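Enquirer: Same order as they appear, the protein sequences are chains A and E.
If you read the first sequence in the numbering used here, its first letter stands for residue 1, the second for the next number, and so on.
If you read the second sequence in the numbering used here, its first letter stands for residue 1, the second for the next number, and so on.
Just so you know, the hints here were simulated from the structure itself, not pulled from any lab data.
Remember, predicted model here, so these are calculated numbers, not experimental data.
Wrong hints could be hidden among the right ones.
Output of the computed footprint for chain E on chain A, the stretches with three or more beta carbons under 8 Å from beta carbons of chain E [to be verified]:
no., segment
1, 125-138
2, 143-157
3, 186-192
4, 340-353
Each pair of labels, with its calculated beta carbon distance range [to be verified]:
no., chain 1, residue 1, chain 2, residue 2, range
5, E, Lys56, A, Glu301, 17 to 25 Å
6, E, Glu112, A, Trp259, 41 to 49 Å
7, E, Ser217, A, Glu301, 51 to 59 Å
8, A, Trp259, E, Ala106, 46 to 54 Å
9, E, Arg108, A, Pro109, 52 to 60 Å
10, A, Phe248, E, Lys56, 53 to 61 Å
11, E, Ser25, A, Ala229, 58 to 66 Å
Even glycine gets a Cβ: it sits at the ideal position worked out from N, Cα and C.
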Amino acid sequence: MIKFKYSTIIHTLFQNSNIASQHISMNDHQGVSLRYCEVMSQHNPENSQSNASMSEIQSSYYRYHSRKVLFLLSVSFGILFLVGIAASFGSYELDLVSVYTTIFAGIFPGMGIPESVANTIIWDIRLPRISMAIVCGASLGVAGAILQGVLRNPLAEPFTLGISSAAAMGASLAIIGGLKLFGAYSVVLNAFISAFLATMVIYSIAKSKGMTPEAIILAGIAIMFLLDAVTSFMQYLGTAEQVQAVVFWMMGSVSVANWETVFIVFCIAVIAIPYLIYKASDLTIIGAGDETAHSLGINVEHVRMRTLIFAALLTASVTAFCGIIGFVGLVSPHITRMAIGGDNRYVIPGSALVGGILLLGADTVARTILAPMILPVGIMTALVGVPFFMFLFMRKRKELW
Amino acid sequence: MVNLEINDVSFSYPGADILHNITFSIGPGEMTGLIGPNGSGKSTLIKCIDTILKPKGSILLSGKDILTMPRVDLAKSIGLVPQHGTSAMDSTVFETVLMGRRPHAAWRISEEDINKVAHALERLGIGDMAMRDFSSLSGGQKQMVLLARAICQEPEVLLLDEPTSALDIRHQLEVLEIVNHLVKERNMSAIIALHDLNLGARYTDSMVMLRQGVIFSAGSPVDLYTPEMIEEVYGVKAEIISVLGKPHVVPIRPVEYGHFRPDDFKAEVSMEIPA
């Protein structure tokens, strides 16, 4: 009986194999399915599976693509709407119509709209802060998307590589250590230079180990602990006022915003973000594994090194001016991926927009919830962002990773 | 016509020699099987041919040394189906297959790229899962998607690293049937690392048997498979029977030594190959 089954199985296999070859024309490129089980299913209908036609596949891809574009447009309009709301809040209340009229008049000065008090409040006080929040949020969102993609780690964020620790150490050197080589800009430049130097040290260590994600993360964490120890040591030595100043700086705030500082952060974002979007396809493929990326023609080490340097530049510029603003860089890419999938050509601009809207929303709440007291935005990003993120997370049915 | 020549290829990690003086060639429309025990260097050789690892020696593709070719050009000629498929976070099947167009495509995805991906998905019968998340697929489905990705690369040489190891027999046949047809249809060359000696005998034109990083023997499965060879390379006693004109290795359990009766099988498998 057993022997009979053995021969029957072999016979059935080869019989069907033969049928398969009869049904597949060797020169036929016109949509003949090669799927073996389909041929099997001609003899066993229980095995049959549906297969979409080429046009159905194409149209489902285009629908999916439209959804991504629609998401980016929706968030863009969301930001424009939130700009109006944020600009209307404050100690001098303004209605939405006058806010948009004033913004419009500022952009198009030849329209003959008369200047008013609102003009000064919006253009000199509120819009710089709003712009700073958007640009910083966008920079952090993009840096987070890059770090998570390149390191293939969903927990990676702009501060994974010890950038926050380095910036805090730089700021502490200025505030407590008295290292003020750059006058009024000492805190900012010390933070920026420290962050960037730390990044370079991490890269040098990781490069000697082949720039693998594991090497980068381990080097980053080791440097982070070292720099944290230096900062703690300085805080131990500092006066109560100095320590308070460092702690406040570390909480993160966009209150330093004026058009000059916004311009600097904006310039770095405008250079870095388009480059990173240009490299987006390569980043997506690197997410599938270094060997796969190599096999598909990508110089993995170069792409990883360059994109990480740009991500570090974005993070360092934001941190230098605004201190450590957590959470935005971690969740913006996650929110974007939940909405539109993992294609970095859309995830990177999407993370920029989501980061912008998150930080602007958090800052607006931070400066109005206990008005006239203005809370550091670093506190509010998590307080506002976590419930929103959890809402999305619980709604999402499929496994995240 | 494409011809892949592997000349005197050696590879070593610091402190460990993996491959020694590997030399063989493969012509268009041919499937060559790489067989050998665990750790014999099959996967390393596949990675060397795809230049993921940089070996000594030369590997010529239609006369050009691929070890000095630009990466992108090589990716247009050689496609790899890895053993364990992964894709980027939250990538759909379509996006995963679209990665195969990377060596040919610019930043902007063209209509031609989309058509080629849709065509590959349809031909492999996985079009209905085009918009599904890659990570939600079964092992067999993932293997199909990775094969579709390699097809979209439009390579002249297809490398498959144990593509059937984690699959049930139906999916094993499914994957190998597809590869077999593609190789013949497009006149590609395929090198396929396999553990299953019997599948290898059925599907490949020639085999290269590796042992401890050197070629133990090479040739057609009929010439290669002998009880002595199996015992020497794998340390296992086996009988070789003929199934449909192909050699079929039947390994023997230690408790069966001396009790095995080849006649038990011969009577049942002496059927003719269907016309």
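Enquirer: State for each hint whether it applies.
Expert: Cross-check of the supplied hints:
1. 125-138: violated (count 0)
2. 143-157: holds (count 4)
3. 186-192: violated (count 0)
4. 340-353: The restraint on the segment 340-353 of chain A holds, since 5 of its residues have a Cβ under 8 Å from chain E and three suffice.
5. E:Lys56 with A:Glu301: 17 to 25 Å: Given range 17 to 25 Å: holds, Cβ gap about 21 Å.
6. E:Glu112 with A:Trp259: 41 to 49 Å: Holds, since Glu112 (chain E) and Trp259 (chain A) (Cβ atoms, about 46 Å apart) stay within the stated range.
7. E:Ser217 with A:Glu301: 51 to 59 Å: Violated - the Cβ-Cβ distance for Ser217 (chain E) and Glu301 (chain A), about 38 Å, lies outside 51 to 59 Å.
8. A:Trp259 with E:Ala106: 46 to 54 Å: violated, 37 Å
9. E:Arg108 with A:Pro109: 52 to 60 Å: violated, 37 Å
10. A:Phe248 with E:Lys56: 53 to 61 Å: holds, 60 Å
11. E:Ser25 with A:Ala229: 58 to 66 Å: holds, 60 Å
Violation of the numbered hints given earlier is confined to hints 1, 3, 7, 8 and 9; the remaining hints are satisfied by the structure.
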